[in-house]
Structures are given as structure tokens and as C-alpha cells.
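Residue-level listing of the chains:
Protein chains: 2
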Amino acid sequence: MGFMHDLKQAWQRNDSLVCVGLDPEPARFPAALHGDADAIFTFCRAIVDATADLVCAFKPQIAHFAAHGAEDALQRLIAHVHAAHPGVPVILDAKRGDIGSTAQHYATEAFDRYGADAVTVNPYLGRDSVQPFLDRADKGVIILCRTSNPGSRDLQELDVGSGRKLYQHVAETVAREWNAHGNCALVVGATWPAELADVRGRVGELPLLVPGVGAQGGDVAAVVTNGRTTDGNGLLISSSRAILYAGSGDDFADAARAAARALRDEINRYRR
Amino acid sequence: MGFMHDLKQAWQRNDSLVCVGLDPEPARFPAALHGDADAIFTFCRAIVDATADLVCAFKPQIAHFAAHGAEDALQRLIAHVHAAHPGVPVILDAKRGDIGSTAQHYATEAFDRYGADAVTVNPYLGRDSVQPFLDRADKGVIILCRTSNPGSRDLQELDVGSGRKLYQHVAETVAREWNAHGNCALVVGATWPAELADVRGRVGELPLLVPGVGAQGGDVAAVVTNGRTTDGNGLLISSSRAILYAGSGDDFADAARAAARALRDEINRYRR
Chain V
9 MGFMHDLKQA WQRNDSLVCV GLDPEPARFP AALHGDADAI FTFCRAIVDA
59 TADLVCAFKP QIAHFAAHGA EDALQRLIAH VHAAHPGVPV ILDAKRGDIG
109 STAQHYATEA FDRYGADAVT VNPYLGRDSV QPFLDRADKG VIILCRTSNP
159 GSRDLQELDV GSGRKLYQHV AETVAREWNA HGNCALVVGA TWPAELADVR
209 GRVGELPLLV PGVGAQGGDV AAVVTNGRTT DGNGLLISSS RAILYAGSGD
259 DFADAARAAA RALRDEINRY RR
Chain H
9 MGFMHDLKQA WQRNDSLVCV GLDPEPARFP AALHGDADAI FTFCRAIVDA
59 TADLVCAFKP QIAHFAAHGA EDALQRLIAH VHAAHPGVPV ILDAKRGDIG
109 STAQHYATEA FDRYGADAVT VNPYLGRDSV QPFLDRADKG VIILCRTSNP
159 GSRDLQELDV GSGRKLYQHV AETVAREWNA HGNCALVVGA TWPAELADVR
209 GRVGELPLLV PGVGAQGGDV AAVVTNGRTT DGNGLLISSS RAILYAGSGD
259 DFADAARAAA RALRDEINRY RR
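Those protein sequences? They're chains V and H, same order as listed.
So for the first sequence, my numbering puts the first residue at 9; every next one is plus one.
So for the second sequence, my numbering puts the first residue at 9; every next one is plus one.
Be careful, since some hints might not be right.
Copies of the same chain look alike in the list, so a pair counts if it fits in one copy or across any two.
Listed next, the in silico SDA-like pairs over lysine to any residue satisfying Cα-Cα at most 25 Å (straight line) [stated by the list, open to error]: (1) Lys16 to His189; (2) Lys173 to Ala40; (3) Lys16 to Gly43; (4) Lys173 to Leu214; (5) Lys16 to Arg36; (6) Lys173 to Ala58; (7) Lys16 to Ala58.
I should point out that these hints are in silico values taken from the structure, not numbers from a laboratory.
Just so we're clear, the structure is a prediction, and the values are computed from it rather than from any experiment.
Using the sequences and the hints given, assemble the complete structure.
In C-alpha cells, the structure reads:
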């Protein structure tokens with residue numbers, strides 16, 4: 009029951025650490041979908057159905073839906089994953105962060121309106137801003153730690169005393185204090201393999217969501233070697249564009265399947 | 009033209025530093041609105057029309073709409089403010105923060121889909137995550153600095169070297185580096201009056217959005233005295249629940265108007 013259970017089952021069942029990021033960009037959809045009024049849903053459903061047995065999770069990025077007013081498509085997409093591929097968890101990538109009563113509304117949005125199994129959140133506002141998410145023990149709470157972008161240095165690398173950087177402080181605080189229900193994970197970018205190893209050393213077996221392989225250039229071997237747990241799991245290695253837009257023709261779903269399989273197999277070479 | 013211009017004009021025209029936060033809670037709506045399928049819009053529009061000449065801005069909080077699937081109501085509400093009360097800027101309180109391409113989608117969501125004049129953003133991911141917002145020179149970018157909640161201590165108070173705390177580092181970085189287009193502001197909670205004075209001392213005339221008076225207990229005199237600029241402006245003092253739910257009967261809009269006027273007048277006693 010719950011996100012962490014489903015994630016562990018999916019790692020085993022599909023022998024995969026791949027998380028497919030669902031970042032729909034209508035301008036990049038194949039020609040056959042142009043003119044489809046429900047193209048965002050149609051495209052994402054095709055990707056989901058083509059890859060569900062090759063992944064440990066799906067991760068729709070909410071801004072890609074919200075910018076097009078496609079909240080309804082997002083809701084139907086998550087319902088489709090649950091109905092057609094039970095046991096594959098869905099992470100709503102929303103990076104929310106707000107104070108008490110508003111954080112509660114964001115938890116309602118993610119878990120009740122959309123039915124997501126986990127959500128990404130921003131730690132800048134502190135523990136009470138994350139508590140309404142943490143309190144949902146069956147749901148995953150994936151906290152930003154060291155993000156994949158170059159600007160992540162600006163704050164996350166600041167030395168906050170005792171020789172620790174801000175992202176290291178976040179990692180330890182989450183592992184030691186925020187994870188009382190065992191439902192926390194952290195975001196660490198694939199573009200920072202040394203920091204990934206550092207975080208793994210600080211947080212035990214906590215799952216790490218790792219974006220930044222593929223289009224952003226993160227190295228798969230380094231990510232797996234530095235980030236895996238002792239049993240060869242512990243990672244959700246997220247790829248979006250490199251899978252979604254692997255093909256640009258009518259065979260886009262087949263191309264996505266091939267790309268997801270190739271990433272899974274590449275990861276598995278370094279996993280144990 | 010643009011958010012900063014409109015804000016300065018509204019400070020003068022309405023002689024007000026009050027920002028009314030639009031945080032609709034259907035359970036707290038007056039009985040007359042129960043059963044109204046468009047109650048969120050109806051309620052917020054009534055508040056807006058009752059207070060528009062007493063405020064310097066409106067600030068809808070997006071989670072309060074998203075939790076109810078009321079994106080359409082939010083869109084119509086912002087359009088209503090612009091049509092019925094031209095020159096009163098609308099701040100979309102979304103606290104977004106994500107990396108490059110996704111940040112661009114959040115900017116599209118806030119400024120193009122919803123037509124907001126400004127948006128709140130989270131600095132944890134660093135400058136490149138905020139750049140797509142900063143690039144919209146006519147729009148306001150209001151960056152979280154020291155938030156009003158108790159948990160804001162957890163990260164924002166960390167000493168990041170040279171005796172500076174993280175929120176002080178954010179304040180100076182925004183004022184010195186991120187404000188190239190002159191479209192930045194900061195969020196500093198009314199619950200931290202000493203920190204408000206400290207931030208004002210570091211950022212010159214940068215506008216400060218100050219939530220936390222009213223329900224959260226921030227002291228108006230301390231906020232104005234510590235946060236105003238030399239000309240008696242520079243603040244957007246935000247109140248949500250204390251105005252929205254000042255009355256619970258059919259006269260809720262009149263009660264909201266009276267509460268907004270009382271807050272404006274109380275602020276103005278300490279302003280110059």
C-alpha cells in the first residue's frame with residue numbers, strides 16, 4: 009500500500025529505475041496529432057501505454073499542462089495510469105511550497121484532485137510548509153535538494169556552517185527529521201554526480217529522484233554508481249524529452265518505447 | 009506601463025498600501041452563495057468590487073482555486089479586475105520555481121494564460137530558474153525572502169557566511185543582481201518585524217510584499233515603521249482572511265470594505 013510500496017514493487021517487477029517524465033510540448037507532437045483537440049492527453053497516454061512495463065514511475069510536470077489550460081487532461085492521464093497500469097506510481101512534479109493553510113490546499117490539489125501518488129515540493133519555506141504533505145503517509149513527498157540546473161549553485165551550494173552546504177543540510181534534515189512516516193525522497197540532479205554520491209552517503213536508503221540524464225547531459229554510469237543503494241535500487245532516473253520525442257513521426261510511441269528500454273538497459277549495466 | 013508603474017500609481021491614487029489576498033474558502037462563504045455553481049468567482053468579484061479603490065493590489069492565491077478545479081474562475085477574476093478596475097495590479101501568488109524550460113511554462117501560465125501583472129516565485133533553484141520571469145520587464149517578480157510562517161527559520165535563518173543569513177543573502181542578491189529590469193520585489197512576513205527592517209536596510213527602495221498581518225498576528229505599526237521607504241511607500245501589506253471573512257452574512261462585501269478601509273487607515277497612521 010502506498011507510494012513507497014508501489015515504487016519498490018515496480019523497481020523489481022519491471023527491473024527498472026527509469027522514470028518517464030511527461031512534459032508535453034504540443035509543438036513537438038507528431039503531425040498526426042495536429043488538430044486533435046485532446047492532443048496532450050492522446051500523446052501522453054500513448055507514451056504511458058508504450059512504456060509502462062519498462063518504468064518504475066511516471067512523472068507528469070504540471071506546468072506543461074497548466075500553460076495550456078489542460079488540467080483536465082492531466083487528471084484523466086493520471087486516472088488512466090492507475091486504471092490501465094495498476095502499481096505504477098505517478099509523481100506530480102509541481103515543486104509546490106507555501107505556508108500552512110495554503111500548503112494544505114496544494115496537498116489537496118496533488119493527492120485528491122489529481123490522485124497523484126507522490127509530489128515534488130520545495131523546502132525553502134521550512135518544515136511546516138511541507139507538513140501537510142508529510143502527514144499523508146501513503147503518499148510520497150519528494151523534496152528538492154540539489155537540482156540539475158546550473159543556477160542550483162546560487163543557494164544550494166552556500167556553506168551553512170560546520171562545513172555543510174545548504175543542499176547537504178536539506179538532505180540530512182529530511183532523512184533525520186522529516187521522514188517520520190518513511191514517505192520522503194529527494195531530488196538530486198544527474199548533472200552533479202559527486203553531489204549525488206555525497207547525498208547518498210548522508211541519507212541511507214532514501215530514494216533519490218534524479219532528473220538530468222538525456223537532454224541535460226547527465227552521465228548514466230556515474231548516476232547509477234554514485235546514487236544506487238546497496239541492493240541496486242534507490243533511484244528514480246527521470247528522462248523526459250529524450251524519450252517523449254525520440255521519434256517525430258507516427259511511430260513516436262514505438263520510438264519512445266525503444267528509448268525507454270535502451271535507458272533501462274544502460275542503467276541496469278551499472279546497477280549491481 | 010507595467011507592474012511597477014501601476015503599483016506606484018495605485019499607492020498614490022488610493023492612498024493605500026493594502027493588498028487584498030484572494031484566498032477563497034467555499035466553506036466560509038455566506039449562506040447566500042451556497043448552491044451557486046460559480047460561487048468562487050461570485051465571492052471574489054464581490055470582494056474586488058467592494059475594495060478596489062482602497063487597495064494597491066489584489067493577490068489571488070492559486071492553490072485556493074486549483075484545489076477546487078477553479079482555474080477558469082481565476083482567469084475570469086483577473087480579467088474582471090483589469091476590465092472593471094484598470095490600474096489595480098494583480099499578483100498571482102503561486103510561489104513557482106523550476107528549471108529553465110519548465111520555468112518558461114510557469115511564466116506563460118502566470119502572465120499569458122492568467123494575465124497576471126506579477127507573480128511570486130521561490131529562489132531555491134537559483135537565478136536561471138527565475139530568469140524567464142525576470143525577462144518579462146513589464147511584469148513584477150516577487151521573490152520569497154523571509155516568509156511569515158514559523159518554519160521559515162529552518163532554512164532562511166541559516167548562516168551562509170560573513171555573518172549573513174540565507175534570507176539576507178537572497179535579499180541582497182535580488183537587489184544587486186536579479187533586478188536589472190527594475191521589476192523585482194521581495195516577500196517578507198509581517199511576523200518578523202526586525203527582519204523586515206534588516207531587509208529594508210539592504211535593498212534600498214525595492215517593494216516588499218508583507219503577508220501576515222491580521223489572522224497571523226503581525227503588528228501593523230511595526231511593519232510600516234520598519235518596512236516603509238523614505239517616501240512612505242514601498243510596501244504591499246497583504247491581508248486575506250481578516251478582510252474576506254470580516255462578515256459571514258449577506259453583507260460580507262460591505263464588511264470586507266470596512267475591514268480594508270480600517271487596515272488602510274491604520275497603516276496610514278504610521279506611514280509618514
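Quick rundown of the hints versus the structure:
1. Taking the closest pair of Cα atoms, lysine 16 and histidine 189 come within 25 Å of each other only inside a single copy of the chain (16 Å); across copies the shortest separation is 48 Å, beyond that limit.
2. Proximity of lysine 173 and alanine 40 under a CA criterion of 25 Å is satisfied in neither setting, with 49 Å inside one chain copy and 54 Å between copies.
3. Within a single copy, lysine 16 and glycine 43 get their C-alpha atoms no closer than 40 Å, and across copies no closer than 45 Å, so neither meets the 25 Å cut-off.
4. Taking the shortest alpha-carbon separations for lysine 173 and leucine 214, only the intra-copy value of 19 Å comes in at or below 25 Å, while the best inter-copy value is 29 Å.
5. Taking the closest pair of Cα atoms, lysine 16 and arginine 36 never come within 25 Å of each other, the shortest separation being 33 Å inside a single copy and 42 Å across copies.
6. In this assembly of identical chains, the alpha carbons of lysine 173 and alanine 58 never lie at most 25 Å apart, being 41 Å within a copy and 49 Å across copies at closest.
7. For the identical chains of this complex, lysine 16 and alanine 58 are intra-copy neighbours only, at 21 Å inside a copy versus 54 Å across copies, given an alpha-carbon limit of 25 Å.
Of the numbered hints stated above, those contradicted by the structure are hints 2, 3, 5 and 6, listed in ascending order.
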